[in-house]
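**Student:** Given chain A, put chain B in place with the hints provided.
Protein sequence lines, in the order shown, are assigned to chains A and B.
Numbers 1 to 166, taken from my numbering, label the letters of the first sequence in order.
Numbers 167 to 917, taken from my numbering, label the letters of the second sequence in order.
None of these hints come from the bench; they were simulated from the model.
On a predicted model such as this, the values are computed, not experimentally measured, just so you know.
Each hint should be verified, as a subset may be incorrect.
Listed below are the simulated EDC-like cross-link pairs for lysine to aspartate or glutamate, each with C-alpha atoms no more than 16 Å apart in a straight line [unchecked claim]:
hint, chain 1, residue 1, chain 2, residue 2
1, B, 716, B, 698
2, B, 452, B, 336
3, B, 908, B, 889
4, A, 135, B, 849
5, A, 143, B, 849
6, B, 707, B, 725
7, B, 309, B, 249
8, B, 741, B, 699
9, B, 800, B, 859
10, A, 102, B, 181
11, B, 742, B, 694
12, B, 389, B, 181
13, B, 173, A, 106
14, B, 593, B, 226
15, A, 90, B, 181
16, B, 697, B, 720
17, B, 736, B, 706
18, B, 448, B, 330
19, A, 139, B, 849
20, B, 571, B, 588
21, A, 94, B, 181
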Amino acid sequence: MVERTGAIIKAQGVGIMKVKITVNGEKKVFEIEPSEKLADTLRRYGYTEVKIGCRSGNCGSCTVLLNGKPIRSCLKFTAQAEGAYIETVKALNKDGLHPLQKAFIEAGAVQCGFCTPGMLLTAKALLDAKEKPTKDEVKEALKGNLCRCTGYKQQIDAIMKVVNGR
Amino acid sequence: MKAIIGKPLNRVDGEIKVTGRHLYPSDMWEDGTLLLGLKRSVHPHAIIKRVDTQEASKVDGVVRIFTYKDISGTNRYGVVHKDQQVLAEEKVRYIGDAICLVAATNREALKEAIDKIKVEYEVLPAVFDPVEAMKENAPKIHKSGNILQHTTVSYGDVEKGFKESDIIIEGSYSVPFIDHTPMETEAGFAKMQDGKITVWAGTQTPFRDRKEISKALGIPEEKIRVIAPFFGGGFGRKDGITVQIYLALAAYILKRPVKIYYSREESIQTSYHRHAAVMYYKTGAKRDGMLTAVQARLIFDTGAYASFGGEVMSLGVEHFAGPYRVPNSRVDGYAVYTNNIIGGAMRGFGVPQVTFAFESQMDKIAKALNMDRWEIRYKNALEHGDKTAIGHTLIYSTGVKRTLKKVRESNLWKGKDKLIAESTPFKRRGWGIACSYQGGGLGVGIPDFAEAKVELLPSGRYRVYGGISDMGQGNTTGYVQIASAALNAPVEMIEYTTPDTDRTLDSGPSAASRTTYIYGKALLGAIELLKDEILQVAAEKLSCPKNSCKLIDDRVESDKGTIHLSEIYKLLPEKKRVSTFYVDMPISKDRRDIGSGLPHIVYAYATHLAVVEVDILTGKVRVIGYCSVSDVGKVINPPVFEGQVEGAVAQGIGAALTEGIKLKDGLALNNNFTTYIVPTAVDVPQIEVIAVESAEPTGPFGLKGTGEINVDAPPAAVVSAIENAVGVRVSSLPVSPEEIIKSIEVEDAIP
Chain A
1 MVERTGAIIK
11 AQGVGIMKVK
21 ITVNGEKKVF
31 EIEPSEKLAD
41 TLRRYGYTEV
51 KIGCRSGNCG
61 SCTVLLNGKP
71 IRSCLKFTAQ
81 AEGAYIETVK
91 ALNKDGLHPL
101 QKAFIEAGAV
111 QCGFCTPGML
121 LTAKALLDAK
131 EKPTKDEVKE
141 ALKGNLCRCT
151 GYKQQIDAIM
161 KVVNGR
Chain B
167 MKAIIGKPLN
177 RVDGEIKVTG
187 RHLYPSDMWE
197 DGTLLLGLKR
207 SVHPHAIIKR
217 VDTQEASKVD
227 GVVRIFTYKD
237 ISGTNRYGVV
247 HKDQQVLAEE
257 KVRYIGDAIC
267 LVAATNREAL
277 KEAIDKIKVE
287 YEVLPAVFDP
297 VEAMKENAPK
307 IHKSGNILQH
317 TTVSYGDVEK
327 GFKESDIIIE
337 GSYSVPFIDH
347 TPMETEAGFA
357 KMQDGKITVW
367 AGTQTPFRDR
377 KEISKALGIP
387 EEKIRVIAPF
397 FGGGFGRKDG
407 ITVQIYLALA
417 AYILKRPVKI
427 YYSREESIQT
437 SYHRHAAVMY
447 YKTGAKRDGM
457 LTAVQARLIF
467 DTGAYASFGG
477 EVMSLGVEHF
487 AGPYRVPNSR
497 VDGYAVYTNN
507 IIGGAMRGFG
517 VPQVTFAFES
527 QMDKIAKALN
537 MDRWEIRYKN
547 ALEHGDKTAI
557 GHTLIYSTGV
567 KRTLKKVRES
577 NLWKGKDKLI
587 AESTPFKRRG
597 WGIACSYQGG
607 GLGVGIPDFA
617 EAKVELLPSG
627 RYRVYGGISD
637 MGQGNTTGYV
647 QIASAALNAP
657 VEMIEYTTPD
667 TDRTLDSGPS
677 AASRTTYIYG
687 KALLGAIELL
697 KDEILQVAAE
707 KLSCPKNSCK
717 LIDDRVESDK
727 GTIHLSEIYK
737 LLPEKKRVST
747 FYVDMPISKD
757 RRDIGSGLPH
767 IVYAYATHLA
777 VVEVDILTGK
787 VRVIGYCSVS
797 DVGKVINPPV
807 FEGQVEGAVA
817 QGIGAALTEG
827 IKLKDGLALN
837 NNFTTYIVPT
847 AVDVPQIEVI
857 AVESAEPTGP
867 FGLKGTGEIN
877 VDAPPAAVVS
887 AIENAVGVRV
897 SSLPVSPEEI
907 IKSIEVEDAI
917 P
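Same shape as in the complex, but just chain A (with noise of 0.2 Å):
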């Protein structure tokens, strides 16, 4: 239902580019217009794992990775992702549930799970710069994941397991 191909960009292809970006291993080229952040584009081409919560980089539901570093795709312009590798919450299980995933499961980590995907990447790249990060640490990085469900110690909780699990 979501394979997706009609563009929602205007018709008349005024000013449309082509965007050549790696996303979760897969080389794409998206046809763009010069205007459209990058959370519209993956969403456009099906990547729907990449919520929408704001559209003003405050809620963190849009995160996705971006040669490895958080972003807000919400933000960022499409065409400043050109060449870039991207990684939405799908890259997470190539093979299998990511410990992560499986730790936020287990955890209760997930209600309406919307923020989820923007939090497991956030945790991914926490824990790809640093091996052993300490609970405030990961509630530092965790701040800038808007959660309305829990109260946030489902998600630490999950992370820390994996951290000690290290």
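**Tutor:** Same frame as chain A, now just chain B:
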């Protein structure tokens, strides 16, 4: 298999969510989908003189602009009062009233067309203060007048109660509109499918939506299908019509797939909110702390439309004096129209407002009598068989005293003195306490039922048809867990669905802490019927008495042999493979005369303990320790329970310290996450979560409901702790650091 109840069970929707596979309402799309958007009123109160869509229609990519003239039904909706128009006809009553619905092929065209629609208004005087709106000469927002509902309750003799008291404490309190901010705003997708308008939406009420769409658009219900997949949070905001009718209208007329997804700013301005309220209290007590009388006047601002205004205010009335014995009371509640944003259902539903006010009153009495804050609560706490402050009898599990006792055993209680003593220079720490109770279900006078459906599948597996929306709270997992226990089968054998008006049965809203309680109860009934059919057929096939047959996992066993459920499936007539069961919510036996939606009879209870740190240089408050003890009946899935408690407490801390919509002439000034501040991972302290599990005789496996109870007490507990820390009593939320500093200086200046 009953052993599964009370044990952690991973959520059935966990994997599809962590892998990003689940399609939320905002994710749905097909080729050719049109985007929908709304032209909304920029005035809080005005007559529409003229709407000109000519220029807008010419925008490349615009497919259609709808006005009320395109609607052949009533063009009205509203849960109780049908006072909202799908598209405004003659008048707008708040900033955000929808005037035109635009369908376009792309976002830019949509935006451009909305900008180019010209609306001429005759601006009317507006009113933004509910107290002003109640006055005779205030601008009339609806023909019926500005008082939507007045609910009054008397019990005992309040004058006598005040005469008998040794001390009388008065206080006035105010709370602002609060936004639920579910991470997914209002969203949905619709298209014509098999001749039916089919709507997928983030909705807590698919069955009620179908009725609302039918009436508003003049289309028979059987031509409408509403589906509620797992969606991105609700908390009451999606209890009623948001985007559903727009989707149905456009899909029906254009015969194309359509999609709508509100921006955060649009959502905050135009959706439902926790009601702002002003509350005046007078409380009398004896020297020993026993309450003798409570009188209150509650004014709830429902904004431009009713939504649940009357019902939310009524819950405020019902719970106005907390979980305490009050022999004499009088309360007047008003739900009042203004030209503000709309008040509606939000987790707690009127109870958080009055809990903040009355728990503050309790603290003041304790202080005046030089009594301990815990002790005064314990002395007055309700017990089984007691009458509440509105005079109805508690006949089911009543655990508030147990929560009060238990809080003293918490680590935070035992460690609070040390934690407070560890304060650093220019910081002051203190602790606070608050109790609350919360009725489950919809209350007297409102149909409150569930009809569960369970099916035996060809493979010998089962399918539970979930009839109540799962907005993230985990009720679907609860249904699977309950079915697993009752069917004596592993959870892997149980499939589930989320609500779909064509497949599941109407079981009412996902609201009022009722979802697992009432649907679980109905499900147990349906399972008993199905089990009976299965065992009957097995007994016949195995030629043995039915009572010697046992349902174990995927088979029936008896002394005479074993038969697999896939065999049973073949032997059962088609009709008997599916069973349904209907239950009603229990209601109070007394005080049914008060009105609609109150009182309740199954209550959850809580005691909360907060430790805060106040920076006396900046006035900033940080919650550094928190403990919630709640009685929600039997906890069937501890991590889900914990998640509900922590989420509710986090929202309550937000309400205490940072949240509240700032309105200027009806316009929300803080309409995104830059300015509307919700708690982040560094703002929520470690929360000690404790359950006292009073076995509820009416509930499935003894459970009550968990959804709301823990959102009520946090503001009162935090405010209690602030006073304990710096001697400042806050009576208006959210807590203002400026007010705190000002008050500290004033108090220090007084010798």
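**Student:** Each hint: holds or not?
**Tutor:** Against the structure, the hints come out as follows:
no. : hint          : verdict
1   : B:716 / B:698 : holds (11 Å)
2   : B:452 / B:336 : holds (15 Å)
3   : B:908 / B:889 : holds (14 Å)
4   : A:135 / B:849 : holds (14 Å)
5   : A:143 / B:849 : holds (9 Å)
6   : B:707 / B:725 : holds (13 Å)
7   : B:309 / B:249 : holds (10 Å)
8   : B:741 / B:699 : holds (11 Å)
9   : B:800 / B:859 : holds (5 Å)
10  : A:102 / B:181 : holds (8 Å)
11  : B:742 / B:694 : holds (12 Å)
12  : B:389 / B:181 : violated (34 Å)
13  : B:173 / A:106 : holds (13 Å)
14  : B:593 / B:226 : violated (61 Å)
15  : A:90 / B:181  : holds (12 Å)
16  : B:697 / B:720 : holds (12 Å)
17  : B:736 / B:706 : holds (14 Å)
18  : B:448 / B:330 : holds (14 Å)
19  : A:139 / B:849 : holds (9 Å)
20  : B:571 / B:588 : violated (26 Å)
21  : A:94 / B:181  : holds (14 Å)
Of the numbered hints given earlier, the model fails hints 12, 14 and 20; all others are met.
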